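The numbering of the sequence shown is my numbering, which starts it at -2 and goes up by one.
Hints are computed from structural coordinates only; laboratory data are not their basis. Among the clues, some could well be false.
[Unchecked claim] Cβ-Cβ distance ranges computed for the label pairs, FRET-style:
#, residue 1, residue 2, range
1, THR9, ALA65, 14 to 22 angstroms
2, MET68, GLN15, 27 to 35 angstroms
3, MET68, THR13, 26 to 34 angstroms
4, SER27, ALA65, 15 to 23 angstroms
5, THR50, HIS8, 14 to 22 angstroms
6, LEU39, MET(-2), 13 to 21 angstroms
7, MET68, MET(-2), 26 to 34 angstroms
8, GLN(-1), MET68, 24 to 32 angstroms
9, ALA23, GLN(-1), 14 to 22 angstroms
10, GLY55, GLU11, 17 to 25 angstroms
11, GLY52, HIS8, 15 to 23 angstroms
12, GLU11, MET68, 27 to 35 angstroms
Just so it is clear, the structure is predicted and the values come from calculations on it, not from any experiment. Don't be surprised by glycine CBs; every beta carbon is placed ideally from N, CA and C.
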Amino acid sequence: MQLFVRAQELHTLEVTGQETVAQIKAHVASLEGIAPEDQVVLLAGTPLEDEATLGQCGVEALTTLEVAGRMLGG
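Build the full structure now, drawing on both the sequences and the hints.
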């Protein structure tokens, strides 16, 4: 299935739904140079856990995931 990932640019990925959020972060890191530990992946504004698969998170075909940078400080 196709998945859209919006970071600094919009990327289209082919995924099965069995990929973990951590794997998506690693892919974004290779495309944009943002370290995975500095990324937060959001689905409809909700942060996703690294260990969860896309299917467990409810990601469906043509879903757009947002990738934001972690905020420093508190």
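Outcome of the hint check:
1. The hinted window of 14 to 22 angstroms between THR9 and ALA65 holds, with their beta carbons roughly 19 angstroms apart.
2. Under the hint 27 to 35 angstroms, the C-beta atoms of MET68 and GLN15, about 30 angstroms apart, fit the expected range.
3. Evaluation of the 26 to 34 angstroms hint for MET68 and THR13 yields a pass: the beta carbon distance comes to about 32 angstroms.
4. Checked against the hint of 15 to 23 angstroms, the C-beta distance between SER27 and ALA65 comes to roughly 18 angstroms, which is consistent with it.
5. Roughly 19 angstroms separates the CB atoms of THR50 and HIS8, a value that falls within the hinted 14 to 22 angstroms.
6. Taken as a hint, the range 13 to 21 angstroms holds for the pair LEU39 and MET(-2), whose Cβ atoms sit roughly 19 angstroms apart.
7. Our hint of 26 to 34 angstroms for MET68 and MET(-2) holds, since their Cβ atoms are close to 31 angstroms apart.
8. At about 30 angstroms, the beta-carbon gap between GLN(-1) and MET68 stays in the expected band of 24 to 32 angstroms.
9. The supplied range of 14 to 22 angstroms is met by ALA23 and GLN(-1), whose beta-carbon atoms lie about 19 angstroms from each other.
10. Our hint of 17 to 25 angstroms for GLY55 and GLU11 holds, since their Cβ atoms are close to 19 angstroms apart.
11. Taking 15 to 23 angstroms as the suggested C-beta distance range, the pair GLY52 and HIS8 conforms, at roughly 20 angstroms.
12. About 31 angstroms separates the C-beta atoms of GLU11 and MET68, a value consistent with the hinted range of 27 to 35 angstroms.
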